[in-house]
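*Asks:* Chain by chain, the residues run as shown.
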Amino acid sequence: MTDGVGGVQLEGWSCPLPLRGQDRIVLGHGGGGVLSDELTRHLFLPAFGEAARHATPTDSHVLHLGGGTRLAFSTDSYVVRPLFFPGGNIGELAVNGTVNDLAMSGAQPLALSTAFLLEEGLELAVLGRIAEAMGAAALAAGVQLVTGDTKVVERGHGDGVFINTAGVGLVPEGVDIRPERAQPGDVVVVSGPIGMHGIAVLSEREGLQFGTELRSDTAALNGLVEVMLATGADIHALRDPTRGGLAATLCEIAETAHVGIEFDDRSVPVPEAVRAACGFLGLDALHVANEGKLVAIVPSHAADDVLAAMLAHDLGKGATVIGRVTESHAGTVVARTALGASRVVGRPLGEQLPRIC
Amino acid sequence: MKYLDEFNDPALAGRLFDEIAAAATRSWAIMEVCGGQTHSIIRNGIDQLLCDRVELIHGPGCPVCVTPLEMVDRALAIAARPDVVFCSFGDMLRVPGSHSDLSSVKAAGGDVRVVYSPLDALALAAENPAKEVVFFGVGFETTAPANAMAVFQARERGLHNFSMLVSHVLVPPAIEAIMSSPMSRVQGFLAAGHVCSVMGTWQYEPLAVRHQVPIVVTGFEPLDVLDGIRRCVLQLEAGRAQVENAYPRAVRAEGNQVAQQMLARVFEVCDRQWRGIGMIAASGWRLRAEFAEFDAEQRFDVGSIAADEPARCRAGEVLQGLIKPDECECFGVECTPRTPIGAPMVSGEGACAAYSLYGRLRPEEAVGDD
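In the order they appear, the protein sequences are chains A and B. Each residue of the first sequence is one higher than the last, beginning at 0 in numbering that gives the first Met the number 0. Each residue of the second sequence is one higher than the last, beginning at 0 in numbering that gives the first Met the number 0.
Calculated directly from the structure, the hints in this document are not laboratory data. Don't be surprised by glycine CBs; every beta carbon is placed ideally from N, CA and C. Watch out, some of these pointers could steer you wrong.
[Unchecked claim] Computed from the model, here is a short list of chain B residues facing chain A with C-beta under 8 Å: (1) Asn7; (2) Ala10; (3) Gly44; (4) Ile45; (5) Leu48; (6) Ser102; (7) Ser103.
Bound conformation, chain A alone (with noise of 0.2 Å):
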């Protein structure tokens, strides 16, 4: 290579070594990509080996009691910052996010754990909110709080609260939603507009501004699943799109039942504040997590009947056919732009990085 504009060799121009990989988590772990599908697969599931080979790694996990009692089980911790934030705080989400996780296998839930780690130097004040939060939320989602426990650690090795709740509900009979059941022809409904929690806890966060203030969806989803249980339809699936987004959970969806997903850009339904906000930031809506949203995949048959029962529920006034489920591209969610190409969706990495410019 030589100095000089204009004396720069391009056919020499060479690309930097790789990084492969960390030897330590990074925050990305979490941020429910790649990285954290990694951590389970090569990481998590090989070291427990034998004990969990029956494991369903996300969400919700369902066991046959005999007798036809099928009981879904799951857990999941809370970590959010700030605690409170415009439409919740970390009570409700840790009340609503288990009873979605559960209600995304069809299951009424019945009781939740509760486990806090706190930091030293918390206000009680502050906790006290919080777990008036939880009280109130899981009357709101029918569920009671059973059994729980309590950490303190050292001031500075926590971020105030840490919350982890686990949950168990039952699945009514005939019903069977899991991802694998997914198949050519199915019709994709999401519930609602996406990405206003991921945007609404970050601009809280960075105390950024777009325009309307935007409020977390946080809410239960248990009453909307039985809504649309109570058409009869054959639900196939259904899905919260959590950390990872829309785009997260549809290729979780495609990758586990080796089938296509095709969606219009268009018909997805972002807030404008939303929009603005990513476009602001350079994240994608379409990564940004919900708390209050979820993913059917019904047979075309029934979407009908299903959409008209979502629309009648507060919590899916905002429903909308997005696509539906392809025999070709098995594997892989394609999406139409609006310019009428198509491209294909990816699962994002790890947690969203804006980008310089």
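Please build the complex by placing chain B on the supplied structure of chain A, with the hints as guidance.
*Replies:* Okay, now just chain B, sitting in the frame of chain A:
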């Protein structure tokens, strides 16, 4: 959304595609300079719908991609110091240095923080007087004014625990370098709209004349990009080589003069190494001597850092338009966004990452019309 929806209209886009196809009587190769444009082209599938006589070559305008390896290594060494709070825009966190990246330095105990503005870093410096707060000042002319302002304010406010690791690069010398290469196939440029909103269009006039190449200042929404391509093709067909502004809602000929004044006050032009490209004379900015005390390179002695970039991948050929990212043997096999071998695979604005993230299906898997 105002100023966005209007520039995404599919019917108008269809007309522009038709106009471009009608105008192009022979094959043309046009380079979009900016990574943001590459992103938009691939995300919207513009390159799939463009008539095959117009080829888009993805340029080197991704700040993450061209920040030299030595500078990344220097950032890693500074960020690992216990007395330092190291602030960066988010997408620099995963850029591989020789042996590590910022997110790994953070995991190993370094205080690395993602900020949204250099002024956030300045606020951190004010809040943490016992800490050294360092901001990683990377990017093109677009990000430079805010960085200049941060250094200027640090001096005004006497925030002596603030410093900046400056690795700014400039677009016109890169265009000059590309056009001077005997290998170059580029016949027209889409100049980066946001760079020009700061610097204006006047810098490009001599380039257009000297190299007889049309340069169209272009925005980022689909209609912006298509209008830029259309104007470029019309110039090429007519044998013209002029600077044209296809992004007038953001760009004025004189640019943002307040920003330019701040830039001139704080920065001076220097030679700059471009990752994967090499040294380009007068292609960057560094802090002026009067702001030397805010220069992190001078403040922190991290030893002499020299890094070799082994020729692992074919990024150079990608950036020249000799191959598309997916023609590289490494693409999608050993080089993925998860395991980048080359810098263009790191940032969403890098051509390889854009191909990977928004990649197209192979023809046999094409989506049907039913």
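*Asks:* Decide, hint by hint, whether the structure agrees.
*Replies:* A quick look at each hint next to the structure:
The beta carbon of asparagine 7 of chain B comes within 6 Å of a beta carbon in chain A, closer than 8 Å, and the hint placing it at the interface holds. Given the 8 Å rule on beta carbons, the hint for alanine 10 of chain B is violated: about 10 Å separates it from the nearest Cβ of chain A. Annotation: glycine 44 of chain B was flagged as interfacial toward chain A, and the flag holds, the nearest CB pair being 2 Å apart, inside 8 Å. Given the 8 Å rule on beta carbons, the hint for isoleucine 45 of chain B holds: about 7 Å separates it from the nearest Cβ of chain A.
The interface hint given for leucine 48 of chain B is met, as the beta carbon of that residue sits about 5 Å from the closest beta carbon of chain A, less than 8 Å. Look at serine 102 of chain B: its Cβ gets to within about 5 Å of chain A, closer than 8 Å, so that hint holds up. Because the closest C-beta pair between serine 103 of chain B and chain A is about 5 Å apart, less than 8 Å, the hint holds.
In this structure, the one hint that does not hold is number 2.
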